[in-house]
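Chemist: Given next are the chains, with one letter for each unit.
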Amino acid sequence: MDDLERKKNIRRTALIVAAVALAFYVGFIMLGVLRS
Amino acid sequence: MTTTTVDTHAADHEHDDHGPTKGIKRWLFSTNHKDIGTMYLIFSLVMFFVGGAMAMVIRSELAIPGLQFVHPEFFNSMTTMHALIMVFGAVMPAFVGLANWMIPLMIGAPDMALPRMNNWSFWILPVAFGILLSTLLMPGGAPASGWTMYPPLVLQTGDAFPFLIFSVHLMGISSIMGSINVIVTIINMRAPDMTLLKMPMFVWTWLITAYLLIAVMPVLAGAVTMLLTDQFFGTSFFLAAGGGDPVMFQHIFWFFGHPEVYIMILPAFGVVSEIIPTFSRKKLFGHDSMVYAASCIAFLSFIVWAHHMFTVGMPLTGQLFFMFATMLIAVPTGVKIFNWVATMWRGAMTFETPMLFSLAFVFLFTIGGFSGLMLAIQPADVQYHDTYFVVAHFHYVLVPGSVFAIMAGAYYWLPKWTGHMYNEKLGKLHFWASTIFVNITFFPQHFLGLAGMPRRIPDYSVQFADFNMISSIGAFGFGLSQLIFVLVILTAWKGAKATDRVWEGSHGLEWTVPSPAPWHTFTTPPKNRIADEAFE
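Those protein sequence lines, which keep their order, are chains A and B.
According to my numbering, the first sequence holds residues 1 to 36 in order.
According to my numbering, the second sequence holds residues 1 to 536 in order.
If we strip away everything but chain A, and leave its shape as in the complex, we get (with noise of 0.2 angstroms):
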């Protein structure tokens, strides 16, 4: 794998994994607003 590869690969784990936390903290508040 080469650099530029590699460096591709790195940012979208690290946005995937960051759209899934995203996901969690506005998930649960929007549970929150049905609730409530």
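No wet-lab data here; the hints were simulated from the structure.
Do not rely on the hints blindly, as some may be mistaken.
Said to hold, decoys possible - Subject to a maximum C-alpha distance of 25 angstroms in a straight line, what follows is the list of computed DSS-like cross-link-like pairs (lysine-lysine):
{"no.": "1", "chain 1": "B", "residue 1": "K282", "chain 2": "B", "residue 2": "K198"}
{"no.": "2", "chain 1": "A", "residue 1": "K8", "chain 2": "B", "residue 2": "K527"}
{"no.": "3", "chain 1": "B", "residue 1": "K527", "chain 2": "B", "residue 2": "K198"}
{"no.": "4", "chain 1": "B", "residue 1": "K425", "chain 2": "B", "residue 2": "K527"}
{"no.": "5", "chain 1": "B", "residue 1": "K428", "chain 2": "B", "residue 2": "K494"}
{"no.": "6", "chain 1": "B", "residue 1": "K527", "chain 2": "B", "residue 2": "K282"}
{"no.": "7", "chain 1": "B", "residue 1": "K527", "chain 2": "A", "residue 2": "K7"}
{"no.": "8", "chain 1": "B", "residue 1": "K198", "chain 2": "A", "residue 2": "K7"}
{"no.": "9", "chain 1": "B", "residue 1": "K497", "chain 2": "B", "residue 2": "K428"}
Said to hold, decoys possible - Covered by chain B, per the in silico footprint, the following chain A stretches (three or more residues, Cβ under 8 angstroms):
{"no.": "10", "region": "5 to 16"}
{"no.": "11", "region": "24 to 32"}
Beta carbons are placed, not taken as given, at the ideal position from N, Cα and C, and that holds for glycine.
Knowing the structure of chain A, use the given hints to seat chain B on it.
Modeler: Just chain B now, kept in the frame of chain A:
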């Protein structure tokens, strides 16, 4: 001649082969995983003593019945701050420090995948804890609602409330950034031949822990954001008067809180899984089953949260589900304990300090596990709930569990970090003092709880006096014992020169680099067979 010198320098620079910058800038702007790991470890040690000092206030007040030294409100602040500091400031950063130091070395990576974010995730922490500790000086005092921050009680916090929320957000952001870094590093930067199932257990447990953190820290952030809007922006997420539900906070908090327990123990499993094979001079028994067991524990940790709230009232089916799901965790945990014992079985064991701490971990964590199993039984939990039995249980899991594993890891890898052997006699003294005093502190608390002493109170009935005095003596002994560890650290550079491999039975890529580990390691990816050969 001159040209050659210039060329060499240029080549060195191009390969990032220079040493650290001098002075404070080295630490402020560091993107080096070893420096950041060191900062995490020092920070966690400082927080360990700050949180420990608060524990001493608690145990002083509880040594004899009646109110002695502090106001009840301040006592509640101490229990709250002690927990927040120990969980988020001591245990978690210590494991992140070990991860920063060791994961790149173990997988043959030159550094963490996102080094600048790594710097950020560390430097947010002192700010977060500076803010949290500053609340001690605010009107209305520091938060006193317990680390669980249950509404409506937490909404009675004085000026400290928004600062508490902000600091929890900062801790969460730091943890999430750290976890992103760990996941991205492990997924993308392993040595070419290192398949996932060839990874060392410490790396595996950290990968699982990082996924747990990604899933649950935002949940905590969401919960405290809702608390903030309830207090200042007129919402009623958790306020019954406005149509909200305070119990919903408990559900959301424990959806974070229970996996958090495993966030603090899975890396400990990883550390112990590295140390026991080394000092048994055998391969880890059932490496793959350990991976599956850790994954299984992580999965189960998401479906057991309501066992923390058996007494709030829930349908019978809910009680049964959470009871059985909780008891199920004993199975993969049992697999781990069995594998550690099987690794030691007929091994050529020696008992250096890291091994002693690991053995104590196996024994004493198991005691914490058993009391957890007792608490999982719903009808029994109604009696145990909010008593000192719970305090004894989670301290057995976290002190001779997580903290002992951190100590074991620190002793195990210290020669790799400093290039010198630590003082073994002091290490063993630290171990025996810690082990004796930790049991004197927490074992009597089981009896106090079973006799009905509630937790989070500054005063108690005289029938609880004797066990409380014993527990307080143990706590002061344990606190003083930790000064031996500081002495070990301060004298760590005075011992004999450490070899690259350090321990006779050690194996893995981290032992193939010199001791101390140079500023840059694995600038070219190693072949995984080096790790295999190191074990042969």
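Chemist: Which of the numbered hints above does this structure break?
Modeler: Going through the list in order, the structure violates hint 4 alone and respects the others.
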